[in-house]
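*Asks:* Listed below are the residues making up each chain.
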Amino acid sequence: EADIYQTPRYLVIGTGKKITLECSQTMGHDKMYWYQQDPGMELHLIHYSYGVNSTEKGDLSSESTVSRIRTEHFPLTLESARPSHTSQYLCASSESITNTGELFFGEGSRLTVL
Amino acid sequence: AQSVSQHNHHVILSEAASLELGCNYSYGGTVNLFWYVQYPGQHLQLLLKYFSGDPLVKGIKGFEAEFIKSKFSFNLRKPSVQWSDTAEYFCAVIPDTGRRALTFGSGTRLQVQP
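Note that the protein sequences, when read in sequence, are chains A and B.
Its first residue numbered 1, the first sequence is counted upward by one per residue in the working numbering.
Its first residue numbered 115, the second sequence is counted upward by one per residue in the working numbering.
None of these hints come from the bench; they were simulated from the model.
Straight-line Cα separation of at most 27 Å, DSS-like style, residue types lysine-lysine; simulated pairs:
id, chain 1, residue 1, chain 2, residue 2
1, B, Lys-163, A, Lys-57
2, B, Lys-172, B, Lys-192
3, B, Lys-163, B, Lys-183
4, A, Lys-31, B, Lys-163
5, B, Lys-175, B, Lys-163
6, A, Lys-31, A, Lys-57
Have a look at the derived ranges for each label pair, beta carbon to beta carbon:
id, chain 1, residue 1, chain 2, residue 2, range
7, A, Arg-110, B, Gln-196, 20 to 30 Å
8, A, Asp-38, B, Gly-143, 22 to 32 Å
9, B, Gly-136, A, Asp-3, 27 to 37 Å
Note that beta-carbon positions come from the ideal geometry of N, C-alpha and C, so glycine has one too.
Given the sequences, and given the hints that come with them, work out the whole structure.
*Replies:* This is the structure:
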């Protein structure tokens with residue numbers, strides 16, 4: 001069983017609010033990822049990190065930002081949420097040594113912006 | 115950049131029927147290939163993976179997939195599905211070199227009727 005946790009699981013907020021989605025893993029993985037998933041659509045990579053103080057943007061342009069101050073923690077922040085940000089956000093991590101690409105996923109954070 | 119196509123968006127089968135879900139990718143180089151499964155209300159988890167060697171790989175719960183390099187395909191199969199196989203299935207690919215992040219297909223929703 002993978003040890004990667006996301007909070008909150010569900011969040012409903014109003015437009016203009018600042019939100020932070022938390023993601024923590026206890027496996028000591030260097031690599032962490034944020035994917036955005038809409039119903040019936042593929043997962044889109046929005047951010048990834050290969051280690052502390054390393055963050056990169058993914059394939060899908062996103063107004064969110066991320067930080068990686070500690071290995072185990074990879075929070076995602078939206079400074080001013082809009083209805084277009086309504087989606088499910090999935091956090092994942094992977095080992096760096098084997099570098100095989102196998103990801104361990106959290107249960108996701110479903111965000112609704114009114 | 116690589117991409118993944120899953121042509122079956124929604125599949126409905128009766129128990130004991132055979133299953134084959136299509137997955138094609140586009141990328142000119144060497145790739146690692148994965149199938150992930152998401153059961154209702156649960157997080158994404160790895161079903162099986164291909165890195166090298168025997169193109170027929172076996173995963174958990176009786177699933178298998180065959181990598182056909184000439185067809186850029188990695189179809190998922192199961193000889194006899196069960197009601198508990200009801201889930202969403204995602205094919206994913208990661209290149210062997212360059213930026214190492216998974217690219218997912220849009221997923222196939224499998225519904226198995228008892």
